[in-house]
Amino acid sequence: MIEIRFHGRGGQGSVTAAEILAKAAFKDGKYVQAFPFFGVERRGAPVMAFTRIDDKPIDIRYQIYTPDYVLVLDDGLMNVIDVFSGAKENTEVIINIAEEFKGKVDVPVHSIDATGIALDMLGRNIVNTIILGYFAKKTQVVSIDSLIEVIKETFPGKVGELNAEATKKAYEMG
Amino acid sequence: MKKEVMTANKAVAEAVKLCKPQVIPVYPITPQTTISEYLAQFVADEEIDAKYVKVESEHSAMSAAVGASGAGVRVFTATSSQGLMLMHEIIFAAAGMRTPIVLADANRAISSPLNIWNDQQDSIAQRDSGWLQIYVENAQEALDTTIMAFKISENEKVLLPSMVCLDGFILTHTVEPVEIPEQSKVDEFLPPYNPKHSYLDPNEPMSVGTLADPDYYLEARHSMQVAMENSLEVIEETCKEFAEKFGREYGLVDPYKCEDADIIFVAMGSVCSTLRVMVDELRAKGEKVGLLKVRAYRPFPVKAIDEIVKNCEKLAVIDKNVTFGIGGALFTDIKAKIHKDAYGFIVGLGGRDITPESILEVYEKTKNPEKEVTWIGLKEE
Amino acid sequence: MKIPEEELLAPGHRGCAGCGASIGVRLALKALGKNTVAISATGCLEVMTTPYPETAWEIPWIHVAFENAGAVASGVESALRIQGKDDVNVVAFGGDGGTVDIGLQSLSGAMERGHNFTYICYDNEAYMNTGIQRSGATPYGASTTTSPVGKDSFGENKPKKNMPMIMAAHGIPYVATASISYPEDFMKKVKKAAEVDGPAYIHLNQPCTTGWGYPSSKTIEMGRLAVETGSWILYEIENGEFNVTYRPSERKPVSEYLKPQKRFRHLTEDHIEEIQKLVDSQCEELGL
Amino acid sequence: MVSLGCVIKTPGNSRNNKTGSWRTFKPILDKEKCVDCDNCIIFCPDSSVNKDHDIDYDYCKGCGICSNECPVNAIEMIKE
Numbered sequence: 001m002i003e004i005r006f007h008g009r010g011g012q013g014s015v016t017a018a019e020i021l022a023k024a025a026f027k028d029g030k031y032v033q034a035f036p037f038f039g040v041e042r043r044g045a046p047v048m049a050f051t052r053i054d055d056k057p058i059d060i061r062y063q064i065y066t067p068d069y070v071l072v073l074d075d076g077l078m079n080v081i082d083v084f085s086g087a088k089e090n091t092e093v094i095i096n097i098a099e100e101f102k103g104k105v106d107v108p109v110h111s112i113d114a115t116g117i118a119l120d121m122l123g124r125n126i127v128n129t130i131i132l133g134y135f136a137k138k139t140q141v142v143s144i145d146s147l148i149e150v151i152k153e154t155f156p157g158k159v160g161e162l163n164a165e166a167t168k169k170a171y172e173m174g
Numbered sequence: 001m002k003k004e005v006m007t008a009n010k011a012v013a014e015a016v017k018l019c020k021p022q023v024i025p026v027y028p029i030t031p032q033t034t035i036s037e038y039l040a041q042f043v044a045d046e047e048i049d050a051k052y053v054k055v056e057s058e059h060s061a062m063s064a065a066v067g068a069s070g071a072g073v074r075v076f077t078a079t080s081s082q083g084l085m086l087m088h089e090i091i092f093a094a095a096g097m098r099t100p101i102v103l104a105d106a107n108r109a110i111s112s113p114l115n116i117w118n119d120q121q122d123s124i125a126q127r128d129s130g131w132l133q134i135y136v137e138n139a140q141e142a143l144d145t146t147i148m149a150f151k152i153s154e155n156e157k158v159l160l161p162s163m164v165c166l167d168g169f170i171l172t173h174t175v176e177p178v179e180i181p182e183q184s185k186v187d188e189f190l191p192p193y194n195p196k197h198s199y200l201d202p203n204e205p206m207s208v209g210t211l212a213d214p215d216y217y218l219e220a221r222h223s224m225q226v227a228m229e230n231s232l233e234v235i236e237e238t239c240k241e242f243a244e245k246f247g248r249e250y251g252l253v254d255p256y257k258c259e260d261a262d263i264i265f266v267a268m269g270s271v272c273s274t275l276r277v278m279v280d281e282l283r284a285k286g287e288k289v290g291l292l293k294v295r296a297y298r299p300f301p302v303k304a305i306d307e308i309v310k311n312c313e314k315l316a317v318i319d320k321n322v323t324f325g326i327g328g329a330l331f332t333d334i335k336a337k338i339h340k341d342a343y344g345f346i347v348g349l350g351g352r353d354i355t356p357e358s359i360l361e362v363y364e365k366t367k368n369p370e371k372e373v374t375w376i377g378l379k380e381e
Numbered sequence: 001m002k003i004p005e006e007e008l009l010a011p012g013h014r015g016c017a018g019c020g021a022s023i024g025v026r027l028a029l030k031a032l033g034k035n036t037v038a039i040s041a042t043g044c045l046e047v048m049t050t051p052y053p054e055t056a057w058e059i060p061w062i063h064v065a066f067e068n069a070g071a072v073a074s075g076v077e078s079a080l081r082i083q084g085k086d087d088v089n090v091v092a093f094g095g096d097g098g099t100v101d102i103g104l105q106s107l108s109g110a111m112e113r114g115h116n117f118t119y120i121c122y123d124n125e126a127y128m129n130t131g132i133q134r135s136g137a138t139p140y141g142a143s144t145t146t147s148p149v150g151k152d153s154f155g156e157n158k159p160k161k162n163m164p165m166i167m168a169a170h171g172i173p174y175v176a177t178a179s180i181s182y183p184e185d186f187m188k189k190v191k192k193a194a195e196v197d198g199p200a201y202i203h204l205n206q207p208c209t210t211g212w213g214y215p216s217s218k219t220i221e222m223g224r225l226a227v228e229t230g231s232w233i234l235y236e237i238e239n240g241e242f243n244v245t246y247r248p249s250e251r252k253p254v255s256e257y258l259k260p261q262k263r264f265r266h267l268t269e270d271h272i273e274e275i276q277k278l279v280d281s282q283c284e285e286l287g288l
Numbered sequence: 001m002v003s004l005g006c007v008i009k010t011p012g013n014s015r016n017n018k019t020g021s022w023r024t025f026k027p028i029l030d031k032e033k034c035v036d037c038d039n040c041i042i043f044c045p046d047s048s049v050n051k052d053h054d055i056d057y058d059y060c061k062g063c064g065i066c067s068n069e070c071p072v073n074a075i076e077m078i079k080e
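Residue numbers (the numbering used here), protein chains in the order written: chain P, 1 to 174; chain H, 1 to 381; chain Y, 1 to 288; chain A, 1 to 80.
Check before you lean on any hint, since a few could be wrong.
[Unchecked claim] Now the stretches of chain A that chain Y is said to cover, found in silico as 3 or more residues with beta-carbon under 8 angstroms:
#, segment
1, 5-18
2, 43-52
3, 64-77
[What the hints assert, rightly or not] Under the rule of at most 20 angstroms between Cα atoms (straight-line distance), these lysine-lysine pairs were calculated in the PhoX-like manner:
#, chain 1, residue 1, chain 2, residue 2
4, H, Lys310, H, Lys340
5, H, Lys3, P, Lys152
6, Y, Lys85, H, Lys196
[As the list claims (entries may be wrong)] Now the in silico label distances, taken between C-beta atoms and shown as ranges:
#, chain 1, residue 1, chain 2, residue 2, range
7, Y, Lys2, H, Glu204, 40 to 50 angstroms
8, H, Asp262, P, Thr139, 54 to 64 angstroms
9, P, Asp54, H, Asp262, 24 to 34 angstroms
10, Y, Gly213, H, Val302, 55 to 65 angstroms
11, P, Lys56, Y, Glu112, 31 to 41 angstroms
12, P, Asp106, H, Asp341, 45 to 55 angstroms
13, Y, Glu256, H, Lys196, 21 to 31 angstroms
14, P, Glu161, H, Gly286, 51 to 61 angstroms
15, Y, Glu6, H, Lys196, 21 to 31 angstroms
16, H, Glu204, A, Lys51, 19 to 29 angstroms
It is worth saying that the hints were derived from the structure and are not from the lab. Even glycine gets a Cβ: it sits at the ideal position worked out from N, Cα and C.
For reference, chain P alone in the conformation it holds in the complex:
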């Protein structure tokens, strides 16, 4: 089973990202589960979301404490919370950050300027699908085709098209 933890801020679409990832993996033929950290946080507050992906039905129902992957939608969060909490030896972390992440940690960290892509291609700082594109290439956990399909289903029309393009761009950078 693969466990993914998302860190973001309320309103940034972390929960949607966790669900899109689950739905895309489902299209790839996997069993999936995704859920938010159940809180009362409002726009701007740090939030978490979780996705589990497996080849067999997923029966466990508690939060993810030792993630295989951590996706950080906003590098500013790193000053506020420990996004590396529960990281295992082989845990990989992907951070949306303008410059290369320079912190000293024991796990591999991949940096992507998702905000740059978002501002460039979407005209607003919405990075949740973009970071998934990068994640798809880096980890091969989910296929880019399924991901694009789900993004278009989730955001119908032009918004979906633009998001899909931006996600593909990030995929190519992975």
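Since the structure of chain P is provided, determine the placement of chains H, Y and A on it from the hints.
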């Protein structure tokens, strides 16, 4: 048939759509709210031909539900926690008036202190109301049980309302794959509601919701007891019919590896998923352990439980609720009706995460008991 | 006046001898006819008409609880309409307690949502079913078991809640006040209420021999005195337009209305004068 | 056995309950005096006066409203 990834709330809404209720009075409350939103959208898009009554409170939601059901149509509503508390008075009226309403309760803790997270105190607080209560473990079971609930409640041997209890957030806000049955098959399974005991037709006037004095009240309540007893069989029949039609099997209780178990976990709702995994893990270590998932809490399936636990040594009863001064509700019922060495564990109140470690603690404390009722994960003062 | 012969509230009900509520319901049902479904809040009316296994209702009727007649009516109305029964009249009856106090929220919701039904508040100005406790509709100066006369009390010390105007503020198409003592006026209003598309509210003044303390034969006389003294004003608000529907040719002094009633018997001349002033200002406000 | 939900399916069967037994005073109408105003019919709380102004003593509780509302004093209340 299609399979989609969705929350249990969406699954319930899809089930409701398939069951074609004609009146849906509902009021939003976390974590039920998205059910009311999906249903509003279905009505707005004419996917269901129903009156969606945008009531001003849960008390009015249940009141309108009873009015509509009393008038002879199929009715669905949903709520959670404080909403169910506000409905409490009319919850009893709904059962007494024998309205086969189906309500989905997104299980959530009760104030005070205010807490929006999951436990099952809200529905447990309604257990003496005369409603059937079925606790579900996942989104698929939420969908399937909602469909079955209408059929069970509308059965003439029952005619009591049903509460489908799904754990708030853990199910209501978690997406997972769900199979949506075909409309035609649901139509075959669940024929239109044809009320004989209560409807409001000027051509055939009847008085509904009357006053019963001491000469009649006792009998009226007794008939509810009989209906509740009947419902045991009706639930089993309905589950069987459902399995034949849709291929998914459910019962009053669902046992897992109980045949040779020394210790059996007894629990309700979503925690059963994690428990099943823990049963496998413990068995891998040579521990003879099983899981008894109680789906039907009211009626309380004494015989079904007895049959499954008859050879085990001990029961570890897990409650996400507390009856202060005695223990968890499921535990006290088990103690009263099942003659086994049973230990009660209060877990997960107010959304406290139930981890594998907490379950191992339950197991350990059943194996080597110190006291009858233990609160798991309690922080030191 | 000639009224429809058909009785839709059967005799044999357990209302007090001289009960004003049963007169009100009888007349309302005569105005509405057989093609009607009724909802009752808990109260005198419900208790006296449906002690199982006997009902006084000749039309379909439902009761659920005290404070929810508005919501129950919402459910009933929705159920009837979704079945295509658009021609069936829906009428809800609630006492003053069940309407102006505990049932206000439920009623307000039903009115605001625009259900097509008529709500009739049969107002006897206290909780009569439970033994004459004050309600928000109890008038100034009335002695009840929870606003008793005492060393430091002259009875209810607040004027009656203005429920019809609260209903009017919902912007519903029809609001009216009525009295059982003016049956023609009342029945005309019930018919209008049933005919409008949307919610209608009628606040029916209904003297109560037991709670007010007058001989059972005087029920109609008391209602008439309430209107003739200006203590109760008959009007309607049709699509926002206010009209007084009955003007006493000469307003009688309020003492004529108060003195025959036990609930007001303790009042001093000063109190009566105070009440006269209250009534005068109310009449002036409504253009009587 | 009570009906399901204590629903009553025989409309108007309160007629089984003869409330005439509640009466202390009995209204007697002098039809000679009657002017057909129908007040006694309209105002009877117990639907106990028919269109011919016959009083149904099975149900009349003897409240006296008819007597009080009669404009020509045609109804007398007498002790049972």
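Structure-based check of all given hints:
1. Counting residues of the segment 5-18 of chain A whose beta-carbon sits less than 8 angstroms from any beta-carbon of chain Y gives 11, enough to reach three: the coverage restraint holds.
2. Residue count for the segment 43-52 of chain A with a Cβ under 8 angstroms from a Cβ of chain Y: 7. That meets the three needed, and the coverage hint holds.
3. Given a C-beta distance limit of less than 8 angstroms, the hint that chain Y covers the segment 64-77 of chain A holds, as 6 residues qualify and 3 suffice.
4. The suggested pairing of H:Lys310 with H:Lys340 holds, with an alpha-carbon distance near 8 angstroms, which does not exceed 20 angstroms.
5. A distance of roughly 18 angstroms separates the Cα atoms of H:Lys3 and P:Lys152; the hinted pair therefore holds under the 20 angstroms criterion.
6. For the hint linking Y:Lys85 to H:Lys196, the alpha-carbon distance of about 18 angstroms falls within 20 angstroms, and the restraint holds.
7. One distance hint, 40 to 50 angstroms for the beta-carbon pair Y:Lys2 and H:Glu204, is violated here, with the actual separation near 29 angstroms.
8. Taking 54 to 64 angstroms as the suggested C-beta distance range, the pair H:Asp262 and P:Thr139 does not conform, at roughly 43 angstroms.
9. Between P:Asp54 and H:Asp262 the beta carbon distance is about 30 angstroms. The supplied range of 24 to 34 angstroms therefore holds.
10. For the hinted restraint 55 to 65 angstroms between Y:Gly213 and H:Val302, the CB-CB distance of approximately 57 angstroms keeps it satisfied.
11. For P:Lys56 and Y:Glu112, the Cβ-Cβ distance of about 52 angstroms falls outside the hinted range of 31 to 41 angstroms, so the restraint is violated.
12. Restraint check, P:Asp106 to H:Asp341: a C-beta distance of roughly 47 angstroms satisfies the suggested window 45 to 55 angstroms.
13. Distance hint check for Y:Glu256 and H:Lys196: the Cβ-Cβ separation is about 56 angstroms, which falls outside the suggested range of 21 to 31 angstroms.
14. Checked against the hint of 51 to 61 angstroms, the pair P:Glu161 and H:Gly286 passes, with Cβ atoms roughly 57 angstroms apart.
15. The given range of 21 to 31 angstroms is respected by Y:Glu6 and H:Lys196, whose C-beta atoms sit roughly 28 angstroms from each other.
16. Taking the beta carbon of each, H:Glu204 and A:Lys51 are about 27 angstroms apart, inside 19 to 29 angstroms as hinted.
Hint check: violations occur at hints 7, 8, 11 and 13; the rest are consistent with the structure.
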